Amino acid sequence: METMSPIERVLRALALTLVVVFFMFPIFWIFLMSFQTNETILAIPPSIVFSPTLSNYAALITGKLQTAAGTLDIAFMRNLGNSIFLSTASVAVALVLGVPAAYAFARHKFKGSEDIAFTLLSFRFAPPLLVLLPLTQYFQWLGLSNTYFGLIWVYQLICLPLILWIVRGYFEDISADVEYAYRIAGHSWFATFRKIALPLAGPGIAAAGLLAFIFAWNNFVFALVLASADKQPVTVGALAFITSSGIQYGQIASAIVLSVTPTLALALYAQRYLVEGLSLGAVKG
Amino acid sequence: MASTATLRKPASGFRISRKMLPYVLSLPALLVCIGILIPFFTAVIYSFQRYRLSQPWARQFNWGENYLNFVTDPAFWNTLKVSLLYAGITVTLELLLGLGIALLLQRRSTINNFISIMLLLPLMIAPALAALMWKLMTNPSFGILSYLASLIGLHDFRWASSPDTALLTVVLVDIWVYTPFIMILLLAGLRSLPTQPFEAAALDGVPRSFVFFRITLPMLTPYILTATLFRLLDSIQQFDIIYAMTQGGPGNTLTVFQVEAYLNFFQSTNVGRSAALLIILWAITYALSNVFIKNWLRLRERARGEA
Chain W
1 METMSPIERV
11 LRALALTLVV
21 VFFMFPIFWI
31 FLMSFQTNET
41 ILAIPPSIVF
51 SPTLSNYAAL
61 ITGKLQTAAG
71 TLDIAFMRNL
81 GNSIFLSTAS
91 VAVALVLGVP
101 AAYAFARHKF
111 KGSEDIAFTL
121 LSFRFAPPLL
131 VLLPLTQYFQ
141 WLGLSNTYFG
151 LIWVYQLICL
161 PLILWIVRGY
171 FEDISADVEY
181 AYRIAGHSWF
191 ATFRKIALPL
201 AGPGIAAAGL
211 LAFIFAWNNF
221 VFALVLASAD
231 KQPVTVGALA
241 FITSSGIQYG
251 QIASAIVLSV
261 TPTLALALYA
271 QRYLVEGLSL
281 GAVKG
Chain C
1 MASTATLRKP
11 ASGFRISRKM
21 LPYVLSLPAL
31 LVCIGILIPF
41 FTAVIYSFQR
51 YRLSQPWARQ
61 FNWGENYLNF
71 VTDPAFWNTL
81 KVSLLYAGIT
91 VTLELLLGLG
101 IALLLQRRST
111 INNFISIMLL
121 LPLMIAPALA
131 ALMWKLMTNP
141 SFGILSYLAS
151 LIGLHDFRWA
161 SSPDTALLTV
171 VLVDIWVYTP
181 FIMILLLAGL
191 RSLPTQPFEA
201 AALDGVPRSF
211 VFFRITLPML
221 TPYILTATLF
231 RLLDSIQQFD
241 IIYAMTQGGP
251 GNTLTVFQVE
261 AYLNFFQSTN
271 VGRSAALLII
281 LWAITYALSN
291 VFIKNWLRLR
301 ERARGEA
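Here the protein sequences line up with chains W and C, keeping their order.
No gaps in the numbering here: position 151 of the first sequence is 151 in this note's numbering, and each next residue is one more.
No gaps in the numbering here: position 100 of the second sequence is 100 in this note's numbering, and each next residue is one more.
Since the hints were made in silico from the structure, they are not lab data.
Owing to the predicted nature of the structure, the values given are computational and were not obtained by experimental measurement.
Errors might be hidden in some of the hints.
FRET-style restraints, in silico, Cβ to Cβ [claimed, not checked]:
| no. | chain 1 | residue 1 | chain 2 | residue 2 | range |
| --- | --- | --- | --- | --- | --- |
| 1 | W | Ala-240 | C | Phe-114 | 35 to 41 Å |
| 2 | C | Gly-305 | W | Tyr-138 | 39 to 45 Å |
| 3 | W | Met-77 | C | Lys-19 | 48 to 54 Å |
| 4 | W | Pro-6 | C | Phe-213 | 24 to 30 Å |
| 5 | C | Ile-89 | W | Leu-198 | 43 to 49 Å |
| 6 | W | Ala-191 | C | Ile-117 | 36 to 42 Å |
| 7 | W | Arg-272 | C | Gly-305 | 16 to 22 Å |
| 8 | C | Leu-297 | W | Pro-6 | 41 to 47 Å |
The C-beta atom is built at its ideal place from N, Cα and C for all residues, glycine as well.
Take the sequences, apply the hints, and build the full model.
Structure representation (structure tokens):
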């Protein structure tokens, strides 16, 4: 490694530059596009020198789109609100249900525990439509079609396996001796869980929650199948928006920027835990 | 110990016996499991029925007919071919590219760490939105990539709207989104390898190609296997990118399993065929996931052992 020839050094730098350009350029370009008017976007050849405008963002935030044919209502802010609500609520539910279960799986070997854990894991890799298509019929029957409650319930398919397997690993890393000592001192099981286990696994639980939020936010197919326009998150809403707004390319670009900013910000914040989360706890960063 | 704990509890509070406790705690997870298994078995039943939403009165069991029809159905063979092709091409290219990038970034330095964090960003963008980004960039009238293609002489290059290049375009988006996944797993693997074999090889003046093929690759194999299987499982059921980009078109160029099943269910309302397609896809992923989980568990044990 230390004995790199100058030619190799240059080649490595060149390769890395190409890699960075390929992966960063689309983000950079869509970001620029979101500040351009349609005239600038349609200009040939494309130019990165232009006078930026905030009109695209203004149109999305006010929900009024001025077109030649008149004013068009756009519900994009509603989609953004749906994304925030669905992801937050799903992660909250998954944490309340998943953390105690992860603790039980880590501390007690009991009959059926591994079966539950592995069923959840194997359905993480099953085709989502296999479960979703029959669910559309069950949801109609149960009156859960197009309700936030039904969607949050189904989102547990994404959040719960993730939380369960990552948090379980964190509990397994903590020595049980501390907990035994605390119990012998006369504290109840629940007090031990709350005062000893939870704080020790705290950072891991927070990281698992952030990751689950990112995955819930980025999900597309669940809401595509189970939600109508007024409950759809940004991933589905942005697609519908393209068809309805026609040629308002600047607004589409700014809708994409608004939709990806939260996950990108969270990913940068939690990047230390990403490797572990992405591999469901199999690889440590 | 158990008795002290019970003694301290207020008499009014309800008690859960120690034996029941783990069951009570894992009850929600169990309920979610049941919630998954019921629709799963419903889908199995659908797949053995003649069931069209447009003709609910004609619904009846036809046993294996949905599956038997596939044998002579060119649309099914097209679905199988496109799905395998898509998964094969994306995973191979992502593995080679991801390994290459991981090797470039292996040495810990400020700039390498910064780049590896930057490269994670595409992975954190929703695949459906990533497809929309590329759709804007490949638009024939203003897309920057169409413009760049015309600069190198490819006039009127139609990307996803031409049957000849549609697969190439969605593969490109898949590579953009998921190469960072393989890269970051292999980078973590590379950085966790013990240093002694490499130091010994350097001392003995062993050629670097020998070091790579005889030391680095074998030691990295569990990571490569886990990353590859993980991606293969996701890639063979890719839906978001393809649906957002072309909805399976043009024609039936990109009707992979899940897209075809979705279109069967919602457009031609043929629930039986849709379910049968998904069961076949499930069988493929189930076989793969069994291999995967074995490798994943081994790696997980190792990670826990190091902690």
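Verification of the supplied hints:
Between Ala-240 of chain W and Phe-114 of chain C the beta carbon distance is about 37 Å. The supplied range of 35 to 41 Å therefore holds. Evaluation of the 39 to 45 Å hint for Gly-305 of chain C and Tyr-138 of chain W yields a pass: the beta carbon distance comes to about 43 Å. The hinted window of 48 to 54 Å between Met-77 of chain W and Lys-19 of chain C holds, with their beta carbons roughly 52 Å apart. Separated by about 25 Å at the C-beta atoms, Pro-6 of chain W and Phe-213 of chain C satisfy the suggested range of 24 to 30 Å.
As the Cβ distance of Ile-89 of chain C to Leu-198 of chain W is approximately 46 Å, the hint placing it in 43 to 49 Å holds. As the Cβ distance of Ala-191 of chain W to Ile-117 of chain C is approximately 40 Å, the hint placing it in 36 to 42 Å holds. With their beta carbons about 21 Å apart, Arg-272 of chain W and Gly-305 of chain C fall inside the hinted range of 16 to 22 Å. Distance hint for Leu-297 of chain C and Pro-6 of chain W: a CB-CB separation of about 45 Å, consistent with the stated range 41 to 47 Å.
When the structure is compared with the earlier hints, no violation turns up for any of them.
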